[in-house]
Amino acid sequence: MKSVIKVENLVTKFGSKVVHNGVNLEVKEGEIYAILGESGSGKSVLLREIVMLQKPTSGEIYIFGKNIKDLTPKELIELKKKWGVLFQFGALFTSLSVESNIAIMLKEYTKLSKKSISAIVDAKLEMVGLSSDVKYLYPYELSGGMVKRVALARTLSLDPKLLFLDEPTSGLDPVSARAFDELIISLRDILGLTIVMITHDLDTIHNIVDELSVLADKRVVASGTLDDVLKSKHPFVEKFFKNEYFYRVKGK
Amino acid sequence: MDSIYINILEQNNQIIIECKGYWGINKLDTIEKRLLSALKKNSNYIIDLRELNYLDSNGAILISLFEKEANNLGSKVDYKINNPNYKRLIEIVKKSSSHKLKRKIIKRTFLYSLGEKSVSYIKDIIDFINFLGKFFIKSLALINPKNFRYKELIYFIYTSGIAAIPIISLTSFLVGVVIAYQTIVQLSKFGADIFVVDASAISIARELGPMITAIVVAGRSASSFTAEIGAMKLTQEIDAMETMGFKPFYFLVFPRVMALIISLPILIFISDIVGIFGAMVATKAQIGLSFHIFLQRLYEVLALKHYLIGLFKGPFFAIIIALVGTYGGLRVTYNTESIGLETTKSVVNAIFLVIVCDALFSVIFTRLGI
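Top to bottom, those sequences are chains F and H.
Heads up: take any position in the first sequence, counting from 1, add 4, and you land on this note's numbering.
Heads up: take any position in the second sequence, counting from 1, add 6, and you land on this note's numbering.
Please note that a few of the clues may not be correct.
To be verified - Derived DSSO-like pairs: lysine-lysine, alpha-carbon spacing no greater than 27 Å straight-line:
# : chain 1 : residue 1 : chain 2 : residue 2
1 : F       : LYS85     : H       : LYS86
2 : H       : LYS47     : H       : LYS74
3 : H       : LYS39     : F       : LYS165
4 : F       : LYS119    : H       : LYS86
5 : F       : LYS111    : H       : LYS86
6 : F       : LYS85     : F       : LYS32
7 : F       : LYS115    : H       : LYS39
No wet-lab data here; the hints were simulated from the structure.
Since the structure is predicted, the reported quantities are computational estimates derived from the model, not experimental observations.
So here's chain H without its partners, still in its complex pose:
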C-alpha cells in the first residue's frame, strides 16, 4: 500500500524511485521508512517526481536528506522533475547548513552531581542571607513613613489574612477535636478525664494554634507571593519598576512582610479560640463535660503566658513566610517552569523554617522556665 506514494524499481544499474500521489504530513513517516530502506552503497539513483501531486517542504527535506545520506555512502542521485516549484523547493531546503554542531554534554558522575548540588545549596543559603541583610538595611528607610505603601498593605492584609480565616478556623477546630478526643482516651485510663482541659488548651495555645496558622498561611501566601512576583519578573514588570526609579523592595517585599506581621497574630488568636472550642465540643461529646465546667477549668489552668508565647511567635513566623515567599519570586528566571519550581520550593522551605523556628523557641522558653 506504500506503493501509492513511492515505488522503487531497478533498471540497468540504476535505482529509480518513483514518487507519486499526495505527500502530506500524515503520510511522511511511511514514506520516510520506504525511502531509507532503499539506501545502498555505490549506486545510481534517479528520483522521479513527475507523478507527484503534492510536495511540501517537509517532503522535500526528506528527499534532500536521502540525497545527503546516499552521497555519504558513495552513491549518486539525479532528479527527474517537471514541476519547477518542486525543484525550487528542493534547492531551498538543501541550502540548510549541513554542519552539525553538538552541544557539549558534561557527563554527570555521582561525585559531580553531589558537588554540583552541594554548591548550589550553599549558594542558595548565601543568597538568602544576603536577601535577609538587604531586607533589614532597607527597612531602616521605613523610618520615613513616606516610603511605605499603605494601599498594598491593606490589600495583602485582606488576601493573606482575612481571606484565610475560614480555612484556618476549620483546620483549628478539627485539630482541637482530635487532640481532645485522643487525650481523653489516654487520660480516662487513669480516671483523670478532667485534665483534658489542661492538655488540649495549653498545647493549642502554646504550640498548635501558631503552627497550624503558620502552615496554612505558608501554603496560601508563600506560594502566591512567589507566583505573583515571579510572573511580574517574567513579564519584565519588575525591570520596568526599576527603570522608573521605584524600589521593588518597597513595592513588593515590605507590604507583604508587614501584612503578615500584622495578620498572623490575629489569625493565631482566632485559631486558639476555635481550636479550644473544638476541644470543648469533643469533650462534651465524649465524656459529657459541660461547657461551663470546661471554661471554669480553662480559666484555672491556662496561664496568660501560654497564650502570649503563642502570639509572640506570630511575627517571627510571618517574617519567615513572607521573606521566603518574596525571595522565591525574585529568583524566578526567564521560563515559566521556574515559577512552578520556585513556588514549590518556597512553600516547602517556609514550612520547614517555621518548624525549625518553633523548635528553637520551644527550647529557649523551656530553658528560661517560661
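Extracted from the complex, chain F is given alone in its bound form:
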C-alpha cells in the first residue's frame, strides 16, 4: 500500500529543550493510525508539524509522497484542501453559526449554489449524528460533544482524503465515544480515508486502530499493530497497556 505520511528523523527543539530526537513513522493509505504517548511527550507538537503549523528543527516530512518543504504555494492550497484537521476543542469560529462554520470551506473553494451547499451541510450534520436543527445555533450554544461533532462535520466538508484527529473521543461520554469510533470506521470504509489520531482511549485503540506508534523518551519506542506494540518492554507501554482496565477492554 502507498504511504500517505512519512516522517524521517524528525528533531524538534525548543531552545535547549529537546522534544523529539529522531522520530520516524509511516502511515499507509486507508489506515487508522494512532499516536500515543504520555502528556508532554510531544504528540501534539508532532501533529502540528505534520500539518505545517510549526516547523521541525530538522528532519523530513512527506505527505502524499511529497516533501512538505518543497511544495509551491499552489500545491500547498491543494494539499490543504485534501486534508482535514479536527482540533481537540473543536476550534469552531465563534462568530459564525454552525451552518456557516461547516459551509466556509465550500464557499471559499467552490462555486456551488447555495442550495447544494445547504444540502451538503445537512448531510454532513446527519453523518456526524446531529439533526439539521442545530445549524442556526452558535458555537456557545452547543454542548461539548456537539462542538466536537460540528467540528468533525466542518472537517469533512470538502471530503478530505486524510483526516487528523486530536483526541477525538476526549470529553465524550462512553456511548458517544463508541459511536464516534463507528463513525470513523464507516468513513474510512466508504470514503477510503486515511486517519491519523492522537488518542488515549484504550477502547478506541483496541476497536478501530490498525497501527500505532508510541512516543516516549523523545522518540518512537514501539510501533506497528497493537500486538506488535504489546511485545515492547518499555516502561510506558507496560504501564499503559498491561493493566486491569486494558485486559477488561481486550476481554470483551
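Position chain H against the provided structure of chain F, taking the given hints into account.
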C-alpha cells in the same frame, strides 16, 4: 468538456445521465450546473454511475439533491450502480432530514431599529451605573488590607504607568511645541511675544497635560484591560475564579483602578514638565527667548493652583478609564468578535467620558473662581 464528467442522453422517453470520471471537489460546481440543467417535469431519469471512478460524499449529496428536486417536479429517478460503496454513500446522504426549518427573521423597520438601539443604550447606561455602585460598595471591603492584591497593583503600575512614560513624553513635547509656536504667531502681531509663556504654561498645566495623559492612557490601558479580562472570560478563567471563591472584583478590577489612580497624577506631572519644555524649545527657536528668561517668567505667572488643578483631575480620569476598561472586559460574551467590539467601545467611551469630566471640572473651577 463537461462531458468528461457527465453526459446526458435521451432514449425511449428516458433521460440517461451518465456520470463518469473523477468527481473531485474541484469539479463539483461544473457538475452541479450540468446536473441541474437536466431537470425537467414528469420525466424518467436513469442515473448511471457505472463508469464513475471516484465519488465522495459531496458528489453523492449532489445526486441525492437532484433526485429530491426531480421528485418535486413529478419525475422518477432510478440508478444503475455496480459499486456497492456508491450505493451506500447515496443511501447515507439521503437520510439527512429533508425538513427545512427556517429561523424566524424579524423585519427591521426604521422605527424598530431606533427603538432597539435606544433600549440597548439605556440598558448599557443602567448596567454601567450598576457596575459603578458595585465598585463603590465593594471598595468598602478594602478597609481590610488583606483583600488587596499588591503584586497585581505593582504589575499594573508598571504596564499602564511606567511603560507609558515614553509615548506620553513624546506626545506632550510635540503638543508643547505646537501650542507655543501657534501662540507666538498670534501674539507677535501685538508685539506681546513674552506672553507665550503665560499662555502655553497655564494651558499645559491646567488642561493639556492631564488631557493628553488621559487620552494616551485610555488608548493604551482601557483597551488592554478590556482585552485581557475579555479573553479570560472567554476561556472561562473568570468562572474558575468564582468557583474557587475568589472575587474577580478584587483580583481584576481593584488592582487596575488603583494602579491608574496612583500612576495617572505622576504621568500628568511628567507630561507637564515635558510639555512646558517643548514650549520652551519652540519659543527659543522662534523668537530667541532664552531658557533663563522663559523660566523666570514661568515662575512669575504659573501659580501653584493651575498645576494642582491639573494633578487633581488625574485620579478622576483614572477611575473613569479603569472602570470603563474593566467593565468592557466583563461584558465580553462568548465569541471572539465581542472582544474587538468591547475594546473599541471602551476606548471610545473612556476618551469621551474623560472629555466630559474635564468639561465639568472646567465649568466648576471657573465658577468657583479658581
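Against the structure, the hints:
In summary, the hint linking LYS85 of chain F to LYS86 of chain H is not supported, as the alpha carbons are separated by about 30 Å, beyond the 27 Å threshold. The straight-line distance between the Cα atoms of LYS47 of chain H and LYS74 of chain H is roughly 13 Å, inside the 27 Å bound, and the hint therefore holds. Among the hinted pairs, LYS39 of chain H with LYS165 of chain F is consistent with the structure: their alpha-carbon atoms are about 25 Å apart, no more than 27 Å. For a cut-off of 27 Å, the pair hint linking LYS119 of chain F to LYS86 of chain H stands: about 25 Å separates their Cα positions.
Annotation: proposed proximity of LYS111 of chain F to LYS86 of chain H is violated, straight-line Cα distance about 31 Å (limit 27 Å). Proximity of LYS85 of chain F to LYS32 of chain F is assessed by CA-CA distance (about 19 Å); at most 27 Å being required, the pair is judged to hold. Restraint check for LYS115 of chain F and LYS39 of chain H: satisfied, since their Cα atoms lie roughly 10 Å apart, inside the 27 Å limit.
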